[in-house]
Amino acid sequence: DQQVKQNSPSLSVQEGRISILNCDYTNSMFDYFLWYKKYPAEGPTFLISISSIKDKNEDGRFTVFLNKSAKHLSLHIVPSQPGDSAVYFCAASATTSYDKVIFGPGTSLSVIP
Amino acid sequence: GAGVSQSPRYKVAKRGQDVALRCDPISGHVSLFWYQQALGQGPEFLTYFQNEAQLDKSGLPSDRFFAERPEGSVSTLKIQRTQQEDSAVYLCASSRGGAGANVLTFGAGSRLTVL
Chain R
1 DQQVKQNSPS LSVQEGRISI LNCDYTNSMF DYFLWYKKYP AEGPTFLISI SSIKDKNEDG
61 RFTVFLNKSA KHLSLHIVPS QPGDSAVYFC AASATTSYDK VIFGPGTSLS VIP
Chain B
1001 GAGVSQSPRY KVAKRGQDVA LRCDPISGHV SLFWYQQALG QGPEFLTYFQ NEAQLDKSGL
1061 PSDRFFAERP EGSVSTLKIQ RTQQEDSAVY LCASSRGGAG ANVLTFGAGS RLTVL
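Quick mapping for you: the protein sequence lines, in order, are chains R and B.
Everything in the first sequence is counted per my numbering, starting at 1 for the first residue and increasing by one.
Everything in the second sequence is counted per my numbering, starting at 1001 for the first residue and increasing by one.
This is chain B alone, in the form it adopts within the complex (with noise of 0.2 Å):
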């Protein structure tokens, strides 16, 4: 497509229910990142994809969080048994990757409400 789909564009959950959230990104960007973005605040790093492979897993708050990339386009972000800190929005980006600067295309973001 155009540009980054994310669906849900917004999810409320119970404390202790799992979500899953997704992320189409731009047709042929090799990167795909997921970030975190609390109110007030900036995105917070969550994970890195290259292709199908997890190269960067190291902003994942907990092993509640768990991302997926199994054919290297779609992506899923799951959070189990949610607690009430997960509230945020979860922001997924792409870019082209390879050697060099590149810039991160977002997507609207997947708004999460943990009640």
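In isolation and in its complexed conformation, chain R is listed as follows (with noise of 0.2 Å):
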């Protein structure tokens, strides 16, 4: 059972424009978000995070979302750069217990020159 789901695989964005990454979740316990970003042949590397008591944060050119009832969140990036291509994996933690981190199966970012 997938607790944390992205269901595009892939996603193609002129650069300039916006790319608007959607992330699912089902655990109700789940109280803290993360994006992370991965190049090839490296590990993920954290982009950018939201507690469950915010619906928004904004670093630089990233946008976080969260709708709590709808148990859902986005990753916007304006404007999106050559360099933003990548997976990119939505991830999700309980931090009543510890650190655990439970990740999707991640999207695919092409952006366009």
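Bear in mind the hints are in silico, worked out from the structure with no lab data behind them.
One should not assume that every hint holds.
As the list claims (entries may be wrong) - Coverage of chain B stretches by chain R, computed from C-beta distances (three or more under 8 Å per stretch; other residues unrestricted):
1) 1017-1027
2) 1060-1070
3) 1073-1084
To be verified - Sample of chain R residues with no beta-carbon within 12 Å of chain B, all distances over it, derived:
4) Glu-15
5) Ser-28
6) Lys-56
7) Thr-63
8) Phe-65
9) Lys-68
10) Asp-84
Beta carbons: idealized from backbone N, C-alpha and C, even for Gly.
Join the two chains into one complex using the hints; note that each chain is given alone, in its own frame.
As structure tokens, this is what we get:
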């Protein structure tokens, strides 16, 4: 049973436009959500996170939105740049226990120059 | 060190061989995790250490998988009698641990290919 879902395996966006990556989760105990970015032959690197007490967190070109009632979050990248081309993993944890992080299957983003 | 270091980066094993994968976490990080990432999928949790204590091994797929962190720093993931389905990238991550949310820092991974 997949607790974190990313239903779009891939996404192509023109440079300068907005990229929107979506994620859904099923476990109501999750209270901390993260996005990781992964280039080939490298480990995932942390991008941005959001606590369940917030509905939005912004860091430069990256914004994460959380809709708890829908158990849905999204990552917006504006403007998209070719260097943003990577696999993006949505992840979640229940911080009441420890830091165990559950990952989604990933969305491969291609930003076309 | 400055980051999480994993070795070897690449390992080819014949079916039935034993392999050992090493992880050097960030100095001072209390929590250490192992994940398995199959091709085209997200990282799947294997096991978790808090210092030297293995507090969660619920993700280990079989009793052929064994992990240890005897002194609370370096960790080794051992796979006995490797099978083809064990082929994957094995990722190690560490975090400060403690109360609240912590961000995991990952190593580059060890890619295991079982022939």
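Against the structure, the hints:
For the stretch 1017-1027 of chain B, the proposed coverage by chain R is not satisfied: 0 residues have a C-beta within less than 8 Å of a C-beta in that chain, short of the threshold of three. Counting residues of the stretch 1060-1070 of chain B whose CB lies closer than 8 Å to any CB of chain R gives 0, so the stated coverage by that chain is violated, three being the minimum. Under the rule that three or more residues need a Cβ within less than 8 Å of chain R, the assignment of the stretch 1073-1084 of chain B is violated, with 0 such residues. Taking the minimum C-beta to C-beta distance to chain B, about 26 Å, the non-interface status of Glu-15 of chain R holds against the 12 Å cut.
With a cut of 12 Å on Cβ distances, Ser-28 of chain R stays outside the contact zone with chain B, its closest approach being about 17 Å. Chain B leaves Lys-56 of chain R outside its interface by the beta-carbon criterion, the shortest separation being 17 Å against a cut-off of 12 Å. Every CB of chain B lies more than 12 Å from the CB of Thr-63 of chain R, the least distance being 18 Å, so the non-interface label holds. Every CB of chain B is more than 12 Å from the CB of Phe-65 of chain R (nearest about 18 Å), matching its label as outside the interface.
Every beta carbon of chain B lies more than 12 Å from that of Lys-68 of chain R, the smallest distance being close to 16 Å; the non-interface claim holds. Against the 12 Å criterion, Asp-84 of chain R stays outside the reach of chain B, whose nearest CB is about 19 Å from its own CB.
Hint check: violations occur at hints 1, 2, 3; the rest are consistent with the structure.
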